[in-house]
Amino acid sequence: MKPPAFDYLRAESVSDVLEGLAQQGGDARVLAGGQSLMAMLNMRLAKPKLLIDIMRLKELRKIERQKDAVVIGAGVRQADLLAWPDLAEALPLVALALPWVGHVQTRSRGTICGSLAHADPSAEMPLTLVALGGEVLLRSAKRRRRVAAKDFFAGMMLTARSDDELIEGISLPVTRGSRFAFREVARRHGDFAIVACAAMKIPTGVRLAVGGVADVPTARDWPRLEGTALDDALNAFAYELGARDDVHATARYRRDLVRMIGRDLIGEVLQ
Amino acid sequence: MSRLKADQRHAVRFSLNGKPVEGEAEPRMLLSDFLRHQLGATGTHVGCEHGVCGACTIVVDGMLTRSCLTLAAQVDGCELKTVEGLAPSADRLGVLQQAFRRNHALQCGFCTAGILMSLDHYLAKNSAPTEAEIRDLLSGHICRCTGYTPIIQAALEAAAQLASSKKETSDA
Amino acid sequence: MVQAAVQSANSVDQGGDRPWVGRSIERIEDAALLSGRGRFIDDLGVLPGTLHATILRSPHAHADIVSIDTEAAKRLPGVAAVLTGEDVKAVTTTLVVGVKAPVECWPIAIDRVRYVGEPVAVVVATDRARAEDAAELINVEYRPRGAVVDPLGAIAPGAPVLHDGFPGNLASERAFRYGDSEKAFAEAPHRFSIDIRYPRNSCTPIETYGVVASHDAGEDAYEVLANFQGPFSIHTVIARALKVPGNRLRLRTPPDSGGSFGVKQGVFPYIVLIAAAARVTGKPVKWIEDRLEHLTASVSATNRATTLSAAVAADGKILALDWDQVEDCGAHLRAPEPATLYRMHGNLTGAYDIRHVKIRNRVVVTNKTPTGLNRGFGGPQVYFALERLVQRIAIGLGLDPLDVIKRNLIDAGAFPYRTATGALLDSGNYQGAVARAVEQGRLAELKAKRDEARAQGRLYGIGFTAVVEPSVSNMGYITTVLTAAERRKAGPKNGAQATATVGLDPVGSVTVHVASVPQGQGHRTVLSQVVADVFGLQPRDIRVNTEIDTAKDAWSIASGNYASRFAAAVAGTAKIAAQRVAGRLARIAAGQLNVEAADIVFAKGFVASKHNPENRIAFARVAALSHWSPGSLPDDAGQTIRETVFWTPPELTPPDEDDRINSSLCHGFIFDFCGVEIDRTTLETRIDRYVTMHDCGTILHPGMVNGQIRGGFAQALGAALYEEYAYADDGSFLTGTLADYLLPTTTEVPEPEIIHMETPSPFTPLGAKGVGEGNCMSTPVCLANAVADALGVADITLPLVPARLAELVRGAEPPPPAGGATAAPVREGDRRLRGEGEASVKGAPEQVWAMLLDPATLQSVIPGCQSVDKITDTHFRADVTLGIGPVSGRYRADVELFDLDPPRAVTLRGGATGALGFGNAEGRITLAPDGSGGTKLTYSYDAAIGGKVASIGGRLLDGATRVIIGQFFTALARKAGGGGAEGGGFSLFAVLAKIASLFGGRR
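If you read the sequences in order, they're chains A, B and C.
The opening position of the first sequence corresponds to residue 1 in the working numbering, with each subsequent residue numbered one higher.
The opening position of the second sequence corresponds to residue 1 in the working numbering, with each subsequent residue numbered one higher.
The opening position of the third sequence corresponds to residue 1 in the working numbering, with each subsequent residue numbered one higher.
So here's chain A without its partners, still in its complex pose (with noise of 0.2 Å):
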């Protein structure tokens, strides 16, 4: 259980980077964290020809406070923004799905970029950029864009990322006065999730995010609704995610839980 062989380019720039994924393409992967890369590298799962470590890019490192905005850079570990004191007060959301991710030896080193690049749909942080419909900020040697997060996830460990891109960072939208619940079941403290549901309050109703159901995750507005009418929201939306049997659990128990706990977290945001 080695890696298979690679070079090894340790970034000094931001451009050693773009023109190291220029030149090498999908043969190259950019080593942020490593949490999830190095152990697919340990399991030969990925072999790339290239390992560019981006972490002592200090200007990847910033997490950035803009008006209506928190931009996160590639190299900000989630240890770093779980420390960040203005957290709480400005992306509250985060603040509560981030103890979920992982665990304290894992945090320490993973980034928030790097769990959005592997972009495993039970993963903590997908669900919360896209609960909170946030953008990922790409670059390569030729252009910079940014997609947003809805955009950006298009199916189990597959982004809009092309293979000459490097993401630079995200933009979380800082949204005043707003309620926000965040609820996971997972086998274990720390595993990924069998379900996430985080919910918050918007101008038009409320909107649930949902994650480790469909293939990405998935967030929907409603306008306020109560009783049977959000029953029946909630079970069409369990039903529309296409739920799936695995080892871990059923796709009946995931919709139970989407119904229920999407129940919950409404009634909590809302009230």
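It is worth saying that the hints were derived from the structure and are not from the lab.
Do not take every clue at face value.
Said to hold, decoys possible - Chain B stretches covered by chain A per the calculated footprint, using a threshold of three residues with CB under 8 Å from any CB of chain A: (1) 137-144; (2) 147-157.
As the list claims (entries may be wrong) - Examples of chain C residues toward chain A, derived with CB under 7 Å: (3) Ala129; (4) Glu132; (5) Asp290; (6) Leu734; (7) Thr747; (8) Gly820; (9) Ala821; (10) Gly885; (11) Ile952.
We put the beta carbon where it would ideally sit given N, CA and C, even for glycine.
Dock chains B and C against chain A, hints included.
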């Protein structure tokens, strides 16, 4: 920018428990293997090589780190702390280690190094942890022998002891 | 909470004048282990030039090996050798099989693979990474066979047969009859019956297997270092397989071993394999198993299908039991199997006085990893059935489950008690233990809590279990699988030789050596206590060595660390050895002190006169005399340099003519009860309180005894709630990482309340009994009983996965909204991916058809396509490198077209194999005019993936695969719409290769 070639060995230098060390590694060599087989620091153990069991946990530049999910090349120039650096001297155990021994918080001892590193790192910053906090911290480790509770007890005892000795120091 | 409970039992006890045995002294093992100075197998240096092995394993559950091409692997720089089954066969012979049948059992596949993970080739290279590089270059062509994973399915007519020598997959069948159970059942007012499926799991030590082997061609002798744990009866199996006498297989163990729990017995086939590699290469070869190998293919506890029936009186008294056990040993019956099934043979009546027992035992093989030792060894499987049945009896008769337990317990005055099936229960007071546990464990309070919780509408339940925990196995119990006539022919097998050596060196310091091979159980500490007491020394004065070297040390087939034999057998044997030396020292000292030997006492480092303690001599002085001045010893004293004792208890007799077997020497008693609450939303089980009462005889070290109980409890909790080695119907292994095989962590394991009672065993030197395995037997069923009580359900299957409980307790699901999405029909164990879709394509069906069948554009349209061979017009082969996100692999795809109906429909069928696994798929594409000049393309597919990707990435890859199929057809349509000019276009083959590469068609 330096691109290290896949099929060549490259010098890796860092500080291990306060002492400079040096060795050679191919880019793909894991830090856990480098520590164990290049430097002979075999106290760090390897249990799963996919980041779940926690046996290989060490501290790199103040960060808890799964050494099996880290390349040797990545830590060039960094400061590393491993289980070999915990005891105040070769024939004495530190407060945390003593608490482990007192509480029978280890049996086979294979997972212990990683657990000690997590606790050593955590207790340095959190002087009065609750049982729930220790449980949360250690949920990133797997121990198959002890059933965990003696480990938690040892951690809480060590925390109390460290806090009181710190208080004495500051009082003096 | 933890604090108080742990403290009381664990506080270290270092002072005072009391004997050392019975005190929780600090472990002498710990300083090194806490400082990173442990000496585990991979911590030890190897000889210069040692090579490293990796093992290529089968992705198929059942397949013929058509060919193995190792040329490319052998050419890779650094590779010393690649061994296939044939190469291993050339230098070894088959492992012996535990039943009489014409079957072979090799440590590597010969011509055929029978489980996912079975070794197919061994690559030996200068380092592990290079060996793995080479393994990926080996090209194995398989011809898949039907697989069977269910034990009852395996013996059903028409099931795929694994071994011709086991017709119908039945490796052994025996029927036993004790007393007159037919009469008891006929006359009893009630009959209760339960069907159990006990799952597969493993205690999974954190250190994996390790072997370093070398071969001396001159002497044809092997030297092996392995973290093997015993029993050393396996030494004979290994030596025989390597075709050398036992004295040419020197097997050593490293000083430390990172847990075993039985599991490291299973390293032995790899000892043969790596030793063979050492012989072939002429170099030392080292192999450290990795975690993926360990989970997939190391060893597993047996899974078992049991039907248990009881004849019961109106008051709950069980009059007779009828066991029907179908034991699943996986793909090969490896030594010492079917021992898991027979280890409990004497104890099939548990803690109960039941005189009539009927048993039918069948052992079957299935396409799963072979089984072996695992903590609890047969106990969890038996007690799950028995104790679930006791709860069912109570519910059926309207009685309290605890009353039914009490009604049936063996009477305290009946010991030693001979069970119907032959076990001699040494001692106990089960009623007293239950009473103490009920009181100290505050059962009344727990019941009040349950009432209160239920009144609030919460799901709360209480479970009970009573268990007899056997320890110190009779080496002859396994022969119960043979008939009495077969046993007579084979000669008697029985007993359990424990060994211990006590030595005194020229300065009078004491060394103890045993062959108990600890893996964390603190044997060195306990032996230092035992021997220190005999010599009147401090434990720190005693140096204990627990490494074993079969070339130099005293050992027997019973040596090793299993069946909880240390405290009862090994520690006692060390005491006897020390006492023998002490007896001689007393005679020597008596001469020097001018007193009778009977007046001599060993205390505080001196050998002294009891009557006149001032008349004394330093222990070391007396102890050294045998070295320095043997001539001055009294004639009858003998030497005092070294004493080796072999001890075997006379109670361990072979099975008698009527198949009664005293399968174990000692029998501890456990009574557990617990309260659990189940969350109404998540159906997660939370353990509110767990009380475990143990009577393991005399306690040698309270801290370590509690450590064994807590550790066993945590593993049992895992087995009850989280852990299962899961297989799909096709034999794919589904839990190949620690993210899928879920071990409990700190956030899942509470502190059990441990209560003790000490009824010494009359059969062991120290009165001690085993204690390490009991909770693995009692806890899974205790939790299951509590969950059954909470949910009011009868059928409980482990592990208690919340989604499974949902199936039991939740009614019909709310239907999907009309016209909305529906749930895909599912069948448990069926992992095939099915789907369908459609796309609109410009151009008439004829045009589209032509494009579909045009191989010319193939290479350009299949992503990552390296080469295409057209075998016939409808049969293609391609080399494809495919990626899903970061996951990429190279595959050989093979695609055929069937049922061509131009230009309307075609069926594609294909398979692909690569290092990441294999896939097969079948798809049907139909083309129809859309009425406006274009074509409506519809497709359906049925696909499956197996091998490594299924084991370690199934959760993600299934989903990713579905996405890619959908995207591919959409993209296809788009390209067709744009015409073929831009190098696009699409071909049927492109579709097919893509699907096949990912998964591909049923063969």
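Hint check results:
no.: 1; hint: 137-144; result: holds (count 4)
no.: 2; hint: 147-157; result: violated (count 0)
no.: 3; hint: Ala129; result: holds, 4 Å
no.: 4; hint: Glu132; result: holds, 6 Å
no.: 5; hint: Asp290; result: holds, 4 Å
no.: 6; hint: Leu734; result: holds, 5 Å
no.: 7; hint: Thr747; result: holds, 4 Å
no.: 8; hint: Gly820; result: holds, 5 Å
no.: 9; hint: Ala821; result: holds, 4 Å
no.: 10; hint: Gly885; result: holds, 3 Å
no.: 11; hint: Ile952; result: holds, 6 Å
Hint violations for this structure: number 2 only, all remaining hints satisfied.
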